[in-house]
Amino acid sequence: MAKEPDRKKYGGWIFFSLVLMVYVLLGITHPEEAGIALEFFSRVMLQMLPVLGLVIILFFLVNLFLQPQWIRKNLGRASGARGWVVAILGGILSMGPIYPWYAMLGEMRSKGMRNALVAAFLYSRSLKPPLIPLIIYYFGIHYMLVLYFYLIVFSVLSGMAIEWLLGSKPEVVGKKS
Amino acid sequence: MSILSGENRLTRQHIIASARKAIGTFINLLPIILGMVLLTSLVVTLLPEQISAGLFGNGALLDSLTGAGIGSIAMGHPLASYLLGGELLGSGVSLIAVTAIVVAWVTVGIVQLPAEALMLGSRFAIYRNVMSFLAAVMISFLTVSTLQLFEWL
Numbered sequence: 001m002a003k004e005p006d007r008k009k010y011g012g013w014i015f016f017s018l019v020l021m022v023y024v025l026l027g028i029t030h031p032e033e034a035g036i037a038l039e040f041f042s043r044v045m046l047q048m049l050p051v052l053g054l055v056i057i058l059f060f061l062v063n064l065f066l067q068p069q070w071i072r073k074n075l076g077r078a079s080g081a082r083g084w085v086v087a088i089l090g091g092i093l094s095m096g097p098i099y100p101w102y103a104m105l106g107e108m109r110s111k112g113m114r115n116a117l118v119a120a121f122l123y124s125r126s127l128k129p130p131l132i133p134l135i136i137y138y139f140g141i142h143y144m145l146v147l148y149f150y151l152i153v154f155s156v157l158s159g160m161a162i163e164w165l166l167g168s169k170p171e172v173v174g175k176k177s
Numbered sequence: 178m179s180i181l182s183g184e185n186r187l188t189r190q191h192i193i194a195s196a197r198k199a200i201g202t203f204i205n206l207l208p209i210i211l212g213m214v215l216l217t218s219l220v221v222t223l224l225p226e227q228i229s230a231g232l233f234g235n236g237a238l239l240d241s242l243t244g245a246g247i248g249s250i251a252m253g254h255p256l257a258s259y260l261l262g263g264e265l266l267g268s269g270v271s272l273i274a275v276t277a278i279v280v281a282w283v284t285v286g287i288v289q290l291p292a293e294a295l296m297l298g299s300r301f302a303i304y305r306n307v308m309s310f311l312a313a314v315m316i317s318f319l320t321v322s323t324l325q326l327f328e329w330l
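In order, the protein sequence lines correspond to chains A and B. Going by the numbering used here, the first residue of the first sequence is number 1, and it counts up by one from there. Going by the numbering used here, the first residue of the second sequence is number 178, and it counts up by one from there.
There may be inaccurate statements among the hints.
[Unchecked claim] Here are the simulated SDA-like cross-link-like pairs (lysine to any residue), alpha carbons at most 25 Å apart as the crow flies: (1) A:Lys73 <-> A:Met160; (2) B:Lys198 <-> A:Lys128; (3) A:Lys128 <-> A:Gly53; (4) A:Lys128 <-> B:Gln190; (5) B:Lys198 <-> A:Phe16; (6) A:Lys111 <-> B:Gln190.
Derived by calculation from the structure, the hints in this document are not laboratory data.
So that you can see chain A by itself, here it is in the shape it has in the complex (with noise of 0.2 Å):
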């Protein structure tokens, strides 16, 4: 098995220490600021435990049955329509915050997904079916039929453009361009 790459094995420990560097400077020349987000961070990380709990599962279930045949088939090259519709009702129905995703997509994509499927992807999360009575209620179901059909257009188009760009093969994370 190849060495993982120190920057990628490292690279959120390093982008930590920065934030929490941040906040000692801040802590030392605005301190109420300091408090103030901390407890802002509090609240966040409060909500954001039940989640977290769900994630590892989700991790654990990706890992037991998405074998990389299946994720081949289904979001893979050979996927066909079926991949684009696959992969935009995930983005559809995928809660959460955005973080634990992109881990999931870029441990998919190891796996063989498509570039242009994880970009469809994180493009059809823009729509929340739970938000649709709020859109209606500030802006008419008119406005959220024909905002919904551009971003499930533009869900396809983006993937399509990604992948125009990149190729379908994912780039070697944590390897400097």
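For this one, chain A is given, so just place chain B on it according to the hints.
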């Protein structure tokens, strides 16, 4: 077709290996989540709470670009974009600008860019976000034009 077949049948070793891999992936992800939430908290605290409606009213294209720009750097639940969009619309901001905000809010992520680049590659993240920004501007025009075409506006 079965998801698991042949040598990939569920075995004790396979379950343990999957659990280990899931925990390992999550541990790698944890500093990014913590860092991003800390960063988000900082920006929310330090940036002004309200976006001035005075930013708009400079023609459809500039309004759309401004809206997409605001949506791109904004963060938080998409619910907030609809609430803000609805309020801005009520205060006289054009539907094109509001649509650009709402679409860019959920499709472009300047704040999330470092995390996306770390996990999906920097070229992928930059290309995707630039395209999503342009798409937000296009969608704002297409949505309003379509509504006008069908006289739904």
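Exercise. So which of the earlier hints does this model not fit?
Worked result: 2, 4
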